[in-house]
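Undergrad: So the sequences go chain by chain: A and B.
Under UniProt numbering, the letters of the first sequence match residues 1 to 277, in that order.
Under UniProt numbering, the letters of the second sequence match residues 1 to 277, in that order.
Among the hints, erroneous ones may be present.
Which copy is meant is left open, so a pair is good if it fits within one copy or across any two.
[As the list claims (entries may be wrong)] Calculated lysine to any residue pairs in the SDA-like style (CA-CA distance at most 25 Å, straight line):
#, residue 1, residue 2
1, Lys62, Ala221
2, Lys41, Glu94
3, Lys62, Ser5
4, Lys246, Thr7
5, Lys62, Asn223
6, Lys41, Glu251
7, Lys246, Leu72
8, Lys183, Phe263
9, Lys62, Pro36
10, Lys235, Arg8
11, Lys62, Phe224
Hints listed in this document are in silico derivations from the structure and should not be mistaken for laboratory results.
Chain by chain, the residues:
There are 2 protein chains.
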Amino acid sequence: MELVSETRCFDGRQQQYQHQSSTLNCNMQFSVYLPPAAEHKPVPAVYFLSGLTCTDQNFATKAGAQRVAANLGLALIIPDTSPRGDDVADADGEYDLGCGAGFYLNATQQPWRQHYQMYDYIVSELPQLVEQHLPLNDRRAIAGHSMGGHGALVIGLRNPARYLSCSAFSPISNPSNCPWGEKAFSAYLGDDKAAWKQYDSCELLREFGQTLPLRVDQGLADNFLDQQLKPEVLKQTLSDVGGDGKVHLHEGYDHSYYFIASFIEEQLRFHARYLQQ
Amino acid sequence: MELVSETRCFDGRQQQYQHQSSTLNCNMQFSVYLPPAAEHKPVPAVYFLSGLTCTDQNFATKAGAQRVAANLGLALIIPDTSPRGDDVADADGEYDLGCGAGFYLNATQQPWRQHYQMYDYIVSELPQLVEQHLPLNDRRAIAGHSMGGHGALVIGLRNPARYLSCSAFSPISNPSNCPWGEKAFSAYLGDDKAAWKQYDSCELLREFGQTLPLRVDQGLADNFLDQQLKPEVLKQTLSDVGGDGKVHLHEGYDHSYYFIASFIEEQLRFHARYLQQ
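Can you make the complete structure from the sequences, with help from the hints?
TA: See the structure below:
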């Protein structure tokens, strides 16, 4: 992996890297924040998965997370949202399929399956890479926003041995039953809905239960609330399976980074409880 | 003035407005943050002037200032950096002249003088407008970054009756003697350098002294340090005129919003000392 840029931020290091991904078969960029504590010892990491149309830059520049991460001694690992490059399949003019919309799954269908293997990239290749080259220990948490909230819930619930805690802002909670999810899953996974279940947090909760500590924050003035995000389905499912994970509903907040910025401290403090033990 | 958008942020209101400016002869947008305290009583305001190429959005989305402003009960008023619109003169393809580069002065030369009256807009029209329509009292501070740091210093030093304190990140301290300033001042003000002095913070300090409380933060890994920003000239001038304003130099920090985010809390707390008295 090659350092693209580095700048000081809250006495730590805000970095961007690029590397050739063998999982995605393309060149990828990602961002990293290393807190001051990482100068002296390996630190735990929170992976943050971003939403539709985002790159590794949105969360890095808009969430105000570095202040809290510096304080708590946590690294932030911020991947891109899909494979990228001239030979990567894309859906021309569509923001919710193709580049910027990888949905954190392993595609099985053409023309997507050669590059769109974001699940394996996030779960395996990226942690292995950064833990080899950066001052990180093996304590990980996973978080995300919207499409990345879906990704964080799915990846966390399926890999409780790899992540100590899981959180999401405004996640696509039940992608099998909303327009964004149906469109993406049909394209990437095909029409057999049995294959969709492994990428649907509500289905995973029903199958495995709440496998790790979990927190969700959702704004009630979010434009996508009822049609795409469905926090009430997630809340009901958590209750049905006896999970103690909380879905915090916030009056007046929308789907933007102003919402994330307002509650990122609470989410990172939630993760720190498990990461610092 | 017309509300373009509003979203909740740290329990306050992040807003964007547009209005027809009679000073600039064009339609303008600006952003506002109202802290929770403004629901109950008029609050003081910090005006933040942004740098070259910016709009009202950069500081609003990247500085992490709302958290601190909410805490301290301060409003943030974030103007655009120049007049805008199809009939506003521009310098094609140049980032440091024309749109996005108003330099917070009143242009006297063609083709600029019809619209480029940012000094009067910031000092008079905008405060009058927002204080009439928003829950603001008449206690104001002014701050800015780079070109906006120059603007804040100039506007603050010339108007100590209107602003209680003044601060800047990485300001263009001595624009009469650096490439950015020489290019802009020649175009907007003409070649007679006597007319430049009223827009040069070091010249103003020599003429009037330090007329109000002042704080500057400057990163030492800033690419523009020696050629454009010249903090040492500002520091020397402050010392020569017996000012108590501090120029804080920060090892390893660059010109970016990561630097602003790292120290915005200290700058807003500096202003709160004067605004809340």
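Undergrad: Could you work out which earlier hints the structure fails to respect and list their numbers in ascending sequence?
TA: Of the numbered hints, 2, 8 do not hold.
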